[in-house]
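Chains as they are written, first to last, in the working numbering: chain A, -8 to 215; chain B, -8 to 215; chain C, -8 to 215; chain D, -8 to 215; chain E, -8 to 215; chain F, -8 to 215.
Keep in mind the hints are simulated off the structure, nothing from the lab.
Only true hints are included.
Because identical chains share one entry, a pair is satisfied inside a single copy or across any pair of copies.
Within a straight-line C-alpha distance of at most 20 Å, the following computed SDA-like cross-link-like pairs (lysine to any residue) qualify:
{"id": "1", "residue 1": "K205", "residue 2": "H(-5)"}
{"id": "2", "residue 1": "K26", "residue 2": "H143"}
{"id": "3", "residue 1": "K26", "residue 2": "P141"}
{"id": "4", "residue 1": "K132", "residue 2": "E199"}
{"id": "5", "residue 1": "K210", "residue 2": "H(-5)"}
Protein chains: 6
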Amino acid sequence: MDAHVIKKISRPAQNLVQELADFETATVHEAYGGKGALSCDIKPIDPSGRVCGPAVTVSGRPGDNLILHKAIYVAEPGDVLVATVGGYMEAGPWGEIMTVAAQARKISGLIIDGSVRDSSAIRRLRFPVFSRAISIKGTTKETLGLINHPIHMGGIPIRPGDIVLGDADGVVVVAAADLTWVLEKCRQRRDKEEKAMEEIRRGKSTLELYGFDKVLNAKGLREE
Amino acid sequence: MDAHVIKKISRPAQNLVQELADFETATVHEAYGGKGALSCDIKPIDPSGRVCGPAVTVSGRPGDNLILHKAIYVAEPGDVLVATVGGYMEAGPWGEIMTVAAQARKISGLIIDGSVRDSSAIRRLRFPVFSRAISIKGTTKETLGLINHPIHMGGIPIRPGDIVLGDADGVVVVAAADLTWVLEKCRQRRDKEEKAMEEIRRGKSTLELYGFDKVLNAKGLREE
Amino acid sequence: MDAHVIKKISRPAQNLVQELADFETATVHEAYGGKGALSCDIKPIDPSGRVCGPAVTVSGRPGDNLILHKAIYVAEPGDVLVATVGGYMEAGPWGEIMTVAAQARKISGLIIDGSVRDSSAIRRLRFPVFSRAISIKGTTKETLGLINHPIHMGGIPIRPGDIVLGDADGVVVVAAADLTWVLEKCRQRRDKEEKAMEEIRRGKSTLELYGFDKVLNAKGLREE
Amino acid sequence: MDAHVIKKISRPAQNLVQELADFETATVHEAYGGKGALSCDIKPIDPSGRVCGPAVTVSGRPGDNLILHKAIYVAEPGDVLVATVGGYMEAGPWGEIMTVAAQARKISGLIIDGSVRDSSAIRRLRFPVFSRAISIKGTTKETLGLINHPIHMGGIPIRPGDIVLGDADGVVVVAAADLTWVLEKCRQRRDKEEKAMEEIRRGKSTLELYGFDKVLNAKGLREE
Amino acid sequence: MDAHVIKKISRPAQNLVQELADFETATVHEAYGGKGALSCDIKPIDPSGRVCGPAVTVSGRPGDNLILHKAIYVAEPGDVLVATVGGYMEAGPWGEIMTVAAQARKISGLIIDGSVRDSSAIRRLRFPVFSRAISIKGTTKETLGLINHPIHMGGIPIRPGDIVLGDADGVVVVAAADLTWVLEKCRQRRDKEEKAMEEIRRGKSTLELYGFDKVLNAKGLREE
Amino acid sequence: MDAHVIKKISRPAQNLVQELADFETATVHEAYGGKGALSCDIKPIDPSGRVCGPAVTVSGRPGDNLILHKAIYVAEPGDVLVATVGGYMEAGPWGEIMTVAAQARKISGLIIDGSVRDSSAIRRLRFPVFSRAISIKGTTKETLGLINHPIHMGGIPIRPGDIVLGDADGVVVVAAADLTWVLEKCRQRRDKEEKAMEEIRRGKSTLELYGFDKVLNAKGLREE
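Make the full structure from the sequences, and use the hints.
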């Protein structure tokens, strides 16, 4: 693995990021045409945690966290660290001290395709972390890696500056270039969903509302 | 897969269902002679959630939820939707809108051998859901399936009208025809367990209480 | 499997155990030179639960809990039951009645490489349990086993009288003979970590604090 | 678990069983309307092994094989033992001696939702075994179980006398009552498939052959 | 999911593809700077199978194979079908008939992040297939998908025309644009490895050969 | 992790090792009182491979193989390398060159709780390897580890000089101090098993042979 850090990345306008932060991941994923969702194995360590911000991408080695320390000081306030460590679960390259350091730097959260430790301290500090597992075990601080190079994680590609949104359902990533239109679709979708739920609460069926009845008939569903 | 809906199913008397609702799944499973428990991978998305009601069974295709929409309107108040979708985890065929629709129909809950999305909304709405996983990803609405045909799920057979009970430990299913005697056994078991716990709290050992001491001796346990 | 119980085990001084109880598992694991952590699959059934005490080790057969009943009456107040049952997940050899019995005996908690049932009752009773899974299914009470023989569990060896510490991150085990020096290292580590976090909160980077900047340079990290 | 043996079961006519033995599991599964396939985790320990015969069903306890010994002497020549042992993988209740005993009894093979040991001896003896795993570890011979009661295994129900067919793809089960019509469908399917493959080898596309081109157009596939 | 087919893709020069075919995947992965390897869960169904060719990428729905049929007729001789079907394992969208069709079209092989069926027929026909699992179950032929759009599979991105190489170790993908220099590195690596193995066979240690002895000393390995 | 190598270990007499080599792992495990079997996830990459020899134990970091190179030159002819690398599967710290080096040193084989690469070359060279998985990906050569310190692997403890036996069923480890009596038990067991199989082939049932009939009756098995 190369050892290289790109310090400058472009980030979307902050107001767009803030607006995205209010949507649910499932809404954004639908609005995005079914794209951007990480594998369902990457989950919040605290289901009430939420995060939204531009990705600072990190590629590290399994069982080592030196490059993650560096990343804390490459990220800017509001950024989310998004780290791959080779799919290794039996050591947590992130713990309480790094959480304190990240909060001192006003970093918004961490998405990691591995484990973290000090999970109760992280919850107490209310730092949003999305990981595959929790492990007691610490790591070495010996090997280098890449910061702000494109990565692939949980089944999708992530570039530095892409917007990462995490909630109880998991994590969805929106390419920076797509943020404007995805937001527009999210707004439309939310309006539509709110109206739909209003109508459903008043007694309309989803079969009527979405025309599923016709689809079911056309496809030949037999009832008795 | 066939496409067929059976609208009329027979359900046990409501007072029996209500009585079962107060028991723990582990008690019912023991009372039932060690039968009826689904695989331990199907768990509540909210550990404080509980559900009890007659099953409306649904067989759908992986990654599609059209037939689940239909099932909301086949089920009657108090019913529990029990759905198989081919063991597919990477898409959630159930979300917030369907939860709102199900609650408008007074459906009691959902058991699914797959994933759901909008998990925080579902928790907020306090709709009990038992699933294998949580996934951000939505589904198509294109393929048919079966409603109220017998299914096999989590290692056991479930017929429409069987009683489904879910709590923090998981889900247990009681065949409609067995409900009366299982309830009787549950009552006996609860009484016996309450008395046992009372005696244990007062200092009696489980070895004495259940005669395990004799079994251990008879089997030749050596102590030093 | 043999059937044998050793009743007398030596335990470390109680004040040492009590002191260890205040540390986090991740701290102890680091202080212990990266030793003693169980596999990350063994987790608290209630993330707010914590346990610390000398191990009473139990080796039982899959799907049977007779020997676990016996162990409740071999253990002394403050002890932690640490049980292997052959890696079987689809039955819970521990439930509400055993929890009540264990609390009557002032046992501190249970670590099991299997499942438990009655999980909501266990949570309500605030008895700390660390397990691989939760299962509704009960067990037979027919087969013997070993109590207070050395066991291997979650990747590490555990002897009776070793100190077991569990928290939200998982479980770490300290050999009785190592407890004094591990505690000394824990104290040092905690002091050092608290000072470090204080400095980090004031604005010092972890790169400076730990000299990682020099390591990164020495190893040739390129930045642009 | 109860302890009960049913000695007499009805079996389909032998010529029907022999005819089914020549089909592939995938063909039979399709002919059977997509029913009867066990979970893809139950696989042959030797991919060249094949088995076909009436099921003698066995329900045993995890880690014990006493009831399996009994089953060898309940089964008749040509039968297939189909055994559940509670989903336990870390012990093999079947090994070389039982294989020799089963072959002395002219039993056709074994399907087990657990592990076997002595796998190289079993391969050398050319006894077809389909299992979830291979384990070195033996079992106790202490607990009873059920023989020739209905079981549920790998996601489907199996009754004694149902026909079990296993090959490199896995295992499919045909209910005794359905065997005649399933065989008829299998024959039709094989003829159709052979003709189809002949036409495809001569250059016809599957799009033409099955009319998929029209389906693709009707559904609006865009090409460029 | 969109429904769109791109028929024309650019492919690397055939002589380059043929040369790559002679290298091992592990060699190519190293030569490629540790890039391009799919997750180790995607494996040959026949360990003696090998494949090399330009990727025709396919994105389909779980449990449906209509778009895979189409892809057989979009691919050109020598191409490799590389298909994602949403990570669904419990149905095999590829079987004997499609294998015959693919061979009639001189397609080189199939890489699929799902299951296949008719595995013994596929082995007998010597068509190289790399999949996550084998399943008896067939699929519907109802839903559309994408052909020759970029996909992400097994942790890496794949574009149409990238070169896919599979052997007993798994699958590695080389971007078309990198093929020339990767081949050059492969040649160098092979020469170096052959010389190295020659020297090792003659008695030289890898510690000497690669200078690891110095590294071990520099890092402070203590021996006794 | 410390970095330390112990060069001198004691090994059992070679004739004892050679005698053990002829037994099956399942026989040895039974003869050893049900002890010594590694988890069933550690399997031969070639089911026809067998290995037997004294363990040279290695503890390395995930994703690094520097210490494994060193171990090749610490081991003596006939030894088996037994390596833990932190349970990391997505990189293979052992490949063709190391196999050639190990064979030049007359090392008997490798047991690893991780992955290997170049699996077809390893098979071709007929070097017995037992691993959890196969991975294309290589490793760094940067971090140190321990050689000939006690390790824990696959659920059991292994000390340098313990005898490791691997075959198609998996791996069993016999402590050096127990080898003499375990061999004696193996011989007895083999004789007994051969006689038993002879009697079974002649028509005696296992129920008679082992007295299981009496056990079944005593335990109250009901037949009809």
